[in-house]
Structures are given as C-alpha cells and as structure tokens.
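Given chain B, work out where chain W should sit, using these hints.
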Amino acid sequence: MKPRQKRLAIIVGGLAALGIAATLILNAFQSNLVFFFTPTQVANGEAPKERAFRIGGLVKEGSLQRSDIVARFVVTDTAKEIPVSYQGILPDLFSEGKGVVAQGVLGADGKFTATEVLAKHDENYMPPEAQAAVDKAHEATRTLKQ
Amino acid sequence: MSQRLINWFKFASPASFYPLAGKMWPWFAALGTALAAAGLWISFFVAPTDFQQGEGYRIIFIHVPASWMSMFIYCVMAFWAAIGITFNTRLSGMMSSALAPTGALFAFLSLWTGALWGKPMWGAWWVWDARLTSELILFFLYIGYIALTAAIDDPRRADKAGAIVALVGVVNVPIIYFSVKWWNTLHQGASVSMTKAPTMATTMLWGMLIMALAFWMYSIAIALYRVRAIILERERHATWVAELPEMQR
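Line by line, the protein sequences are chains B and W.
Following this note's numbering, the numbering of the first sequence begins with 1316 at its first residue and continues without gaps.
Following this note's numbering, the numbering of the second sequence begins with 16 at its first residue and continues without gaps.
Just chain B, same shape as in the assembly:
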C-alpha cells in the first residue's frame, strides 16, 4: 500500500468506528433524547415517575375547557388519553386537533398538571384555500363512508 492509500484507509476506518460508536451511544441514551412521551408510553410506565417530564400528542377535539385562568384539555395519541390542566397563556397555534407538548407532573390520579404548554406544528405549509379544499375532501369521504 502506498502511504496515500494507507492514510485514506485510516480516515475511512476511523470514520466507520466513530459512526458505530455514535450509534451505540445514541442508542444507550435513547430515553434521555426523547423530548416528550406519548400517552401510550405513559400508560406503559415508560415515563419517569415523581419527576417533571413532557407529554406530547394531539389536543382531543371538543376537550378544551376554560374556567377563569385554568385551561383543561385532553392530550391523545388516538390510542391513550391524558387529561391536562394548565394555568397560563396558551400559544397562538394551540387549538383542538393540533399537536401540543406539555411539561409538568403526573398526579397519582392520572391527571397531568402542566407548567408549560408548547404548540407543535407539522411540516405542512399551504394557503388557506388549499386547506379548505383538503377539509372538504375529508368531509366528502366521511359522508361517503356513512
């Protein structure tokens, strides 16, 4: 092997070793890297107990209630649900049927008391007219199914 090829081999080998090491490390820290837990993960007991964590999912349609300054809503991942109460200002994008991430503590009664609520939006960007058309199409398929 020429010295040049040797150096190239060292670089390729080094990068491969680094890649494998990074994969193993990231795998080991899997649970620390997730930003939030889904209601299903919480139901399975994967979420940390007796310490604040974040839950994420969709705000269930028709579940938002406001009394004084406390907002109550249900976070769902369509399989499991968690009722959440939050005292504070909700972000502008917060609405029923949209993504949400809430930080707080899970009580023994299964109710989640949030200290911070963030809106999670998706990667769909379109003009309002296009969204109206999409909604109409969904509506049409729903009526067809009935």
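No lab work stands behind these hints, which were simulated from the structure alone.
Misleading hints may appear alongside valid ones.
[To be verified] Here are a few chain W residues that face chain B, going by a calculated C-beta distance under 7 Å:
hint, residue
1, 45
2, 136
3, 137
4, 201
5, 203
6, 216
[Said to hold, decoys possible] Label-pair ranges, simulated between beta-carbon atoms:
hint, chain 1, residue 1, chain 2, residue 2, range
7, W, 167, B, 1365, 45 to 51 Å
8, W, 251, B, 1430, 55 to 61 Å
9, B, 1317, W, 34, 28 to 34 Å
Computed from a prediction, not measured in an experiment: that's the story for all the values here.
For glycine and all other residues, C-beta sits at the position ideal for the given N, C-alpha and C.
For chain W alone, coordinates are given in the frame of chain B:
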C-alpha cells in the same frame, strides 16, 4: 496521470488556483445576487399566506436554506479535510478554513431565525430537543474549528488539527438531519425529502429552493474570495506572489 482529460492536481497548487478562483468568484456572486433577489421577491410577494401560521411562516425562506447550508458546508469541509490528509495537498486546508466562517454564519442564522420563529409558533425561544441541540453542537464545532486552527502558528499543523475536528464532527451532520425521525422532538419533520412528495404549496417550495440556491452561490463566491486572501497570506514569501500584476503597484 498525464493521460487524463483535465489534470485536477494542477489546480491543487495554490499558484494556479489563485487566478482561477479570481476569475470564478464574481460570476458566483452575480448569480447569487440575482437568485437572492428573485427568491426574496417570491418569498414576500408571491408565496401565499399559510393556513395556520399566517405571515409568520415566511421566516422558513431563510431558516431552512440556512440550516441546509450549515450542514452541507460542514460536509464539504470534512471532504477537504480527508483530501488534505490523504494527498497532503496544501490547498485543501486553505479551502477548509475558507469555508468555516461561512458555515458558522449559517449555523448561527439557522439557530437565530429558529428562535425568532419558535417564540410565536411554539411558545418558546429555545427548547432542548434533539434537533435544536444537535444544530447548536454543529455551531460549536465550527467555532471550535476556527479557534483551534487560529491557535496553532504553523499553518500545516493547524490544517492537520483542524482536519481531525472536521472529520470527527461530521458524524453530527446525519444526527441533525435524522433527529426529527429518530426521536420525539418539538421541531417538525423535514420540509422536503427525497422519498415523499413535498408537503408545501408549490410557490412556497420554489421560493425556498431559489433561496437555497442563492445561499449556495453566495457561499461559493465568498469561499473563493476568502481562499484567495488565505493563499496570499500563506504564500507571501513565494516568488509567484511577488510577480502577480496586483503586487507590482
């Protein structure tokens, strides 16, 4: 070696790359300016308002291209680093150090515009989710590269040390890119991907792609301009530099 159509190794010599870069950078700069004008026009006046984020989403036209550039420039730096170590070419290290400030600039822009976008939409300037954290690490890698190469006096040794940082740090780039897929993050998924149809209105997508192209042209132009300065600085004692027409004044 001499049988090849173009002898690439000829341009690995700073003395022959210097005039080539001087001829190329104005073209890239002109293209970049034209594309940026077109891209900004589409971004602000042609692209429609978003159905849920209103006008605020328009920051995407800077944010996404800047993030792409920050990741891509690091890959290019790692490429030059590998070439530099393998073939022992002086120009490779100079290209890496010419690219680093531009990459750092784009990484910073990505974080800054992301914060400005996150506050009104998510409700937070900053969260420690995998996407944001790994992009912050990328910014620190750029700063680390610049600091390390600047701290070593001998340019050849500085290039070698910097090359190691560039090569080791490149592991972070796929982590940034796939972070939204591998873990739950507050950050939304990829705006454009190779495997599925884009989830954006066509004019929005065009605005973003033209802005990305403009950033490419800008990066190439500024890197070529900067590498010329680095070549002159490092080769200032060489006879070919003394013989340059711009040195005769």
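Identify whether the interface hint at residue 201 of chain W stands, where standing means a beta carbon of chain B within less than 7 Å of its own.
6 Å, holds
Regarding the hint that residue 203 of chain W lies at the interface with chain B, is the smallest CB-CB distance below 7 Å?
4 Å, holds
Does residue 45 of chain W meet its interface restraint, that is, does its C-beta lie within less than 7 Å of any C-beta in chain B?
31 Å, violated
45 to 51 Å was suggested as the range; check whether the CB atoms of residue 167 of chain W and residue 1365 of chain B agree with it.
Holds: the Cβ-Cβ distance is about 50 Å, inside 45 to 51 Å.
Are residue 136 of chain W and chain B close enough, Cβ to Cβ, to be under 7 Å, as the hint says?
5 Å, holds
Range hint compliance [Cβ, residue 1317 of chain B to residue 34 of chain W, 28 to 34 Å]
31 Å, holds
Hey, does the residue 216 of chain W contact hint survive, CB to chain B under 7 Å?
5 Å, holds
Tell me if residue 137 of chain W is really an interface residue toward chain B, meaning its C-beta lies closer than 7 Å to one of theirs.
5 Å, holds
Taking the CB of residue 251 of chain W and the CB of residue 1430 of chain B, does the distance hold inside 55 to 61 Å?
Because 60 Å falls inside the window, the suggested range holds.
When each numbered hint is compared with the structure, a violation occurs for hint 1 only.
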